[in-house]
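**Q** Here's the letter readout for the chains.
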Amino acid sequence: MFYLKKAVVMVLVAVIVLTGGCGNKRELNELAIVLGTAVDLTQDDQIEVTVQIVKPGEISSGAQGGGGGGEPVVIISSRGRTVFDAIRNFTTVSSKKLFFSHNQVVIFGEDLMKGGVQQVIDIFERDHEFRTEVPLFAARGRAAEILEVPGSEEKISAIEIKKELDTVRHPGWADKVTFHEFVRKYDGRIVVPVVPQIRRVEVNGRTHTKISGMAVIKGGRLAGWLDETETRGLLWVQGRIRGGIIPVKAGGSGAEASMEVKKAKAKIIPETGAGLPVFRVQTEVESNLGEAEPFQLTEQTIEAMKREQADIIKKEVATALKKAREELKADIFGFGETLHRAEPRQWEELKTDWDEYFQDVEVRISVKSELRNFGDKNRPTIPR
Amino acid sequence: MPEKGKTTAFQFFCLVSVFLFGSTTIMMSLTAAGRDSWISMVLAGAGGMVLVLVITGLAVSFPGLTIIEYIPKIFGAFPGKLIGLLYLWYFLHLGSLVLRNYGELMSTVVMPETAPGVFHVSLAIVIAYLVYHRVEVMGRLSELVFPLSIGVTILTSLLIILSGVTDLRNILPVFEHGIKKVILGSITLAGFPYLETILFAMIFPYINSADKGKKAFLAAVIISWIALLMIMIQNITIFGDHIITLTFPRFYSIRLISIGNFIERIEPVILGVWIMGGVVKAGICLYAFGLGAAQVLGLKDFRSLILPAALIMAAMADLLFKNTFEMQRFAVDIYPFYAFPFQFALPLLMLVIARLRRRKSG
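Chains as they are written, first to last, in numbering that gives the first Met the number 0: chain Y, 0 to 383; chain B, 0 to 361.
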């Protein structure tokens with residue numbers, strides 16, 4: 000009797016151990032691993048999803064130097080009434096089931112953004128395969144065409160795009176925006192979200208992807224584009240600049256010097272009283288002297304360089320501000336948000352017509368500009 | 000005496016703590032107070048402390064007795080049994096709600112193709128096995144789970160901060176929607192989880208030292224209060240108001256962890272620890288039901304009731320709601336008011352009656 004009981008227990012344990020966890024198993028060779036997703040709107044108002052699928056065989060053979068030679072990725076498109084519908088329709092063209100957990104980038108097409116992104120963003124948060132920390136991009140033209148550009152430094156262009164974004168955000172020509180950040184701003188309705196702009200360019204006869212500038216998506220629709228200068232103006236206000244070069248005139252001689260930004264911080268302080276609030280933008284920037292044409296380094300020239308650096312930053316901010324107010328009518332900086340946080344009551348009065356008030360409020364920009372390090376050269380080479 | 004075992008004060012402390020942040024961490028979203036929910040959390044925790052004093056006060060009046068045993072002494076034999084049965088229903092219902100929460104989490108974010116019933120039944124079998132071994136083993140298990148859950152809470156909080164997804168300014172403005180909403184929110188948060196500690200009126204008599212037990216009880220409530228407050232504030236700093244749109248905000252925020260493209264996708268590990276917390280919480284519900292039922296029915300042992308009760312719990316978890324939406328509606332709009340008489344009103348009334356009687360006789 001005792002042994003019978005033991006045997007039963009052992010059989011049960013064996014069943015649990017041997018069959019457990021295989022309910023919805025998916026083997027690697029049955030999966031199409033998606034690394035990039037592009038969403039477009041077609042002429043006849045359908046959603047077109049384009050995915051970049053990695054071919055593991057090509058990747059590994061390429062790494063050994065020989066063999067392979069085929070494309071490391073496959074790009075396929077599919078259409079449907081919704082994003083998920085389009086994804087399901089992939090089954091008609093792909094032999095494997097798409098697997099999105101390793102998706103690296105999400106790109107929205109221009110037509111889609113003009114029509115409104117609210118109809119496509121839900122699945123990226125709702126579905127368990129998508130991850131919301133992926134960076135989001137706004138394509139000039141069709142998003143699918145961006146994914147079609149072959150990678151030049153990386154085998155897989157989706158990964159190249161992601162890495163490119165990490166380098167370009169350094170000088171502040173574009174900024175990284177994750178899906179999560181985008182949705183949070185879109186949902187909050189106070190700060191108008193921006194998304195890095197990506198497009199195709201020809202360089203030396205080869206097609207590349209270029210990331211620069213931002214798209215402004217107001218109320219879920221594309222309101223306009225920011226160019227590189229305007230983007231940097233925006234990022235100075237938000238304190239999100241991490242580096243970059245500011246060329247300045249040094250002294251009266253017309254010699255140029257490159258200021259290499261090391262640190263930047265910013266604060267927006269709303270000042271309320273009677274009438275409309277006034278926003279003080281305080282930006283602090285600290286640079287190194289990266290390069291200098293021959294001129295004498297004196298206290299005066301250093302002061303002049305610092306001053307000019309501050310002036311250039313102010314000018315960039317002013318350009319961005321002008322664009323946001325006059326053309327886009329969109330508070331991309333988050334002035335409204337600072338007011339909301341500091342003076343919720345006053346915000347309550349202004350919030351419905353904030354787009355109008357935003358064009359009239361006074362914004363005072365002050366820049367504290369510092370020059371710290373001069374590199375391994377205490378004066379430029381001037382032949383004696 | 001269906002239960003002869005004893006737990007130590009420290010084991011009791013672990014049981015209460017794990018019980019409090021077991022399923023709460025996962026389900027906790029914002030309340031009516033929106034961004035100010037953390038203030039509601041502060042108030043709700045204070046409510047939980049009051050309940051601890053009520054439970055321990057009753058334990059002083061009726062030493063060695065569980066709530067099911069002293070109810071008839073207060074309200075008389077027949078009404079007492081009736082109220083006791085209502086309590087049994089509440090314990091069973093709460094247990095199936097806990098199972099349902101976990102089934103819902105697993106089938107939403109981890110294994111959408113597996114039927115939720117699988118999770119309910121497998122959890123139910125595990126807790127049945129646990130409760131079958133009585134309060135001592137439950138205490139020892141919670142000693143193991145407590146450091147894990149507190150460790151995971153601290154670790155994930157740190158990793159989230161290091162991932163740079165938080166912004167403290169998201170907490171502002173404070174009191175935007177007024178104090179009324181904050182109080183409404185605190186009612187929701189008091190009902191789930193703090194006042195659920197009424198279940199410990201079933202375990203409190205089995206602590207080997209009642210004095211230390213009271214201290215452990217209070218300490219456990221305070222510890223989980225701090226931990227939950229921390230998690231809630233962190234959730235708000237990540238999402239701001241957007242958190243309202245999410246079903247499992249903490250899971251979502253753990254998925255945001257990404258440090259140097261190296262430490263990321265750690266959620267399966269965290270999930271494992273959460274499930275252990277769920278086992279303890281659902282186990283306590285099952286234990287309270289089994290022991291209480293044996294006491295109402297006058298059985299010598301409660302073990303024969305455990306497996307059927309666990310399976311009823313699993314079945315109920317399946318049948319209670321048709322979908323996640325219904326579950327959330329119930330949790331937010333109905334549960335605090337439905338549970339309030341069991342959690343707070345009746346115990347307080349009992350304490351008042353017990354004190355008045357003692358004054359009369361003394």
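Be a bit skeptical, because a hint or two may be false.
Subject to a maximum C-alpha distance of 25 Å in a straight line, what follows is the list of computed BS3-like cross-link-like pairs (lysine-lysine) [to be verified]: (1) B:Lys214 to Y:Lys350; (2) Y:Lys113 to Y:Lys262; (3) Y:Lys96 to Y:Lys262; (4) Y:Lys264 to Y:Lys113; (5) Y:Lys264 to Y:Lys321; (6) Y:Lys350 to B:Lys72.
Here are a few chain B residues that face chain Y, going by a calculated C-beta distance under 8 Å [claimed, not checked]: (7) Thr107; (8) Val108; (9) Thr165; (10) Lys179; (11) Lys180; (12) Ala209; (13) Asp210; (14) Gly239; (15) His241; (16) Leu255; (17) Ser257; (18) Ile258; (19) Asp300.
If you want a taste of the chain Y side facing chain B, the calculated C-beta under 7 Å gives, among others [unchecked claim]: (20) His127; (21) Arg130; (22) Arg340; (23) Pro343.
Keep in mind the hints are simulated off the structure, nothing from the lab.
Here the structure is a predicted model, which is why all the values come from computation and not from measurement.
Glycine is no exception: its CB is placed at the ideal position from the N, C-alpha and C atoms.
**Q** Take the C-alpha atoms of Lys214 (chain B) and Lys350 (chain Y), compute the straight-line distance between them, and say whether it is at most 25 Å.
**A** violated, 50 Å
**Q** Tell me if the interface restraint on Thr107 (chain B) is satisfied: Cβ within less than 8 Å of some Cβ in chain Y.
**A** holds, 7 Å
**Q** Are Ile258 (chain B) and chain Y close enough, Cβ to Cβ, to be under 8 Å, as the hint says?
**A** With a closest approach of 11 Å, the Ile258 (chain B) hint is violated.
**Q** Given Ala209 (chain B) was flagged as interface, is its beta-carbon under 8 Å from a beta-carbon of chain Y?
**A** violated, 40 Å
**Q** Holds or violated: is there a CB of chain Y closer than 8 Å to the CB of Thr165 (chain B)?
**A** Cβ of Thr165 (chain B) sits 12 Å from chain Y, so the hint is violated.
**Q** Go through the hint on Arg130 (chain Y) and say holds or violated, using the shortest Cβ distance to chain B against 7 Å.
**A** holds, 6 Å
**Q** Does Leu255 (chain B) meet its interface restraint, that is, does its C-beta lie within less than 8 Å of any C-beta in chain Y?
**A** holds, 5 Å
**Q** For the pair supplied as a hint, Lys113 (chain Y) and Lys262 (chain Y), is the alpha-carbon distance within the 25 Å limit?
**A** Answer violated: Lys113 (chain Y) to Lys262 (chain Y) is near 36 Å, above 25 Å.
**Q** Given the hint that Lys264 (chain Y) pairs with Lys321 (chain Y), does the C-alpha gap stay at or below 25 Å?
**A** holds, 22 Å
**Q** Would the stated hint for Val108 (chain B) survive a check requiring a Cβ distance to chain Y of less than 8 Å?
**A** holds, 5 Å
**Q** Let's test the interface hint: is any C-beta of chain Y closer than 8 Å to that of Lys179 (chain B)?
**A** This hint is violated: Lys179 (chain B) lies away from chain Y, its Cβ roughly 15 Å from the closest one there, beyond 8 Å.
**Q** Given a cut of 8 Å on the nearest C-beta pair, is the interface hint for Lys180 (chain B) held or broken against chain Y?
**A** violated, 13 Å
Hint compliance for this structure: hints 1, 2, 3, 4, 6, 9, 10, 11, 12, 13, 18, 19 are broken, all remaining hints hold.
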